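Residue numbers (our numbering), protein chains in the order written: chain A, 1 to 100; chain B, 1 to 158.
Don't take each hint at face value.
[Said to hold, decoys possible] Covered stretches of chain A, going by a simulated chain B footprint (3 or more residues, C-beta under 8 angstroms):
#, stretch
1, 13-26
2, 48-60
[Said to hold, decoys possible] Straight-line C-alpha distance at most 27 angstroms; calculated DSS-like pairs for lysine-lysine:
#, chain 1, residue 1, chain 2, residue 2
3, B, 2, A, 16
4, A, 52, B, 92
5, A, 16, B, 52
6, A, 52, B, 48
7, B, 21, A, 52
8, B, 71, B, 21
Calculated directly from the structure, the hints in this document are not laboratory data.
Computed from a prediction, not measured in an experiment: that's the story for all the values here.
Idealized CB from N, CA, C, for every residue including glycine.
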Amino acid sequence: MAASESTKVTRSVEVKNPQGLHLRPGEVFSRKANEFESNIEIISGERRVDGKSLLDIATLGASQGTQLEIEARGPDAELAVEELAKILETKSVDELTKEP
Amino acid sequence: MKFSDFVTSTAIRPNLSAAGKDDVIREMTTALVEAGAIAESELESTIKAITKREELGSTGIGRGVAVPHTKHPSVDRLVGTVGVSIEGVDFKSLDGEKVHLFFLLISPPDRPGDHLRALENISRQLRDDTFCRFLKQSKTAEDIWQLLEEADNNQFVS
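Just chain B, same shape as in the assembly (with noise of 0.2 angstroms):
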C-alpha cells in the first residue's frame, strides 16, 4: 500500500503546535476532519478511541516516529494524515526519544489487512535515514507530499 493512498494530502501538517501527546492527536485529527477525511461529528469520539489505544501502549515505535491510530466505524477506507513536530513531543515511546514524526491512521472496523499494509509501508520508509531527515526538514505540505510521492515511487528503500 502506498502512501497516496491513504494520506489525504489537505490534512499534512507540517508544523504541529501542539507540545504534548493528547494536543498532537486533536491537531491531526481535527486536520482530517478540515480536510473531510472524517466527519466534525465524528471529532471528539475519534479523538477519544485514539487517546484510548495509546493508554494501552504507547505507538511511539522508536528513532523518533509514532503510529497513532484507531478503528473507527465513522471511515469506510483507510484514511490518515502525516504531522511534523520541530521541537519534539513526549510521546512515551519505546525508546524514551521525543517524536517528530507522525502518522495517524483511522481504519474501518472489519480492516485489519489495510491497516497492516500501511504499518508496512511506513515502518519500511522509516528504516530509511533519509526519508526521516527529509521529513523532518520539509517545511510545507506540498514538501511532505512530493516526499511521500517519491517514496511511493521507491526512492528510498532499495
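Same shape as in the complex, but just chain A (with noise of 0.2 angstroms):
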C-alpha cells in the first residue's frame, strides 16, 4: 500500500484547444480526474491546483500553447495522466464530449 501510494507520475502537456482551458474543457478535466483515486493537480509556472476542482481549473486561465504539467500521486496514477493529458491535447470540447 505504501509503495502504491508514493507512485508519482507527471507529464509536461501543452493546451491544444484554441479558446484556451476554459469553463467546458475544464469540466470535462475535473470530472475524469474525480474518476480516478490518485490526487491529481496541475502545475503551471509556479502555480498548483487541484486537478479535480473546476473553480481552481478556471484560476489558471490557461490559453492555446500553454505548458502544464500534470501530476498524479497514488495507485492509479499512470493511467490518470496518460487520460487527462488526452484531454489537454484534444483541441475541441465537442471531440472530447462525444464518447459515449
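If you follow the hints, you should be able to join the two separate chains into one complex; please do so.
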C-alpha cells in the first residue's frame, strides 16, 4: 500500500484548444480527474492547483499553447495522467464529449 | 484582468428577483441593456445564446457561484455584470448547491483570451471565503462595486 501510494507520475502537456482551458474542457478534466483515486494536480509555472476542482482549474486562465504539468500521486497515477493529458491535448470539447 | 475592466457598474444587481435559471439570465442581460452595455435589439438573441451555452453544461462551478456567458457579435469588447440572489437559485451546478453569486459575461467571438482572463480573475477571487461572504452580504450595487474595486487592488488574494 505504501508503495502504490507513493507512485508519482508527471507529464508536461500543451493546451491545444484554441479557446484555451475554459470552463467546458475544465469541466471535462475535473470530472475525469474525480474518477481516479490518485491525487491530481496541475502545475503552471509557480502555481499548483487541484485538478479535481473546476474552480481551481479556472484560476489558471491557461490559453492555447500554455505548457502545463499534470501530476498524479496514487495507485492509478499512471492511467490518470495518460487520460487527463489527452483532454488537454484535444482541440475541441465536442470531440471530448461525443464519446458515449 | 480586473473586475473594473469588464463589469458594468450600473448593471450590477444586488438583489435578484429571479428564482429560476432562465429568469436570472434574463434579468442580468436586461440589466446590461438598461445600462447601455448592449443594444436592446440584441437582448433576445443574447439571452438565447447564453441559455444555449448552459444546455451544454451548467456554468455553476461550485461554491454557490455561476458564470453564465456567451460569445456574441453585438459586443466589441468583453462586458459583464454581477448579480446576487439572497434566496439562491437552482442552476444545476456541478456540486448541486444553489447559486447565490452570478457573473454574467458576453465576449466578442474573436477574443477567447479576454474571456479566459476574466474567468481567471473571477475564480481566483472566489476561492477567497471573505470575498464570497462580503459579496453575498452586499445590500447595494455601490457596496458590490466597492468590493470589486478592493478585490482589484488585491485586498483578498494573497
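Against the structure, the hints:
Counting residues of the stretch 13-26 of chain A whose C-beta lies closer than 8 angstroms to any C-beta of chain B gives 7; at least three are required, and the coverage claim holds. Given a C-beta distance limit of less than 8 angstroms, the hint that chain B covers the stretch 48-60 of chain A holds, as 7 residues qualify and 3 suffice. Our distance criterion of 27 angstroms between C-alpha atoms is met by residue 2 (chain B) and residue 16 (chain A), whose separation comes to about 26 angstroms. Distance hint between residue 52 (chain A) and residue 92 (chain B) is fulfilled; the C-alpha atoms sit about 18 angstroms from each other, no more than 27 angstroms.
Note on residue 16 (chain A) and residue 52 (chain B): the hinted pairing holds, with a Cα-Cα distance of about 24 angstroms set against a maximum of 27 angstroms. For the hint pairing residue 52 (chain A) with residue 48 (chain B), the CA-to-CA distance comes to about 31 angstroms; that exceeds 27 angstroms, so the pair is violated. Of the supplied pair hints, the one linking residue 21 (chain B) and residue 52 (chain A) holds, its CA atoms being roughly 25 angstroms apart against a limit of 27 angstroms. The suggested pairing of residue 71 (chain B) with residue 21 (chain B) holds, with an alpha-carbon distance near 19 angstroms, which does not exceed 27 angstroms.
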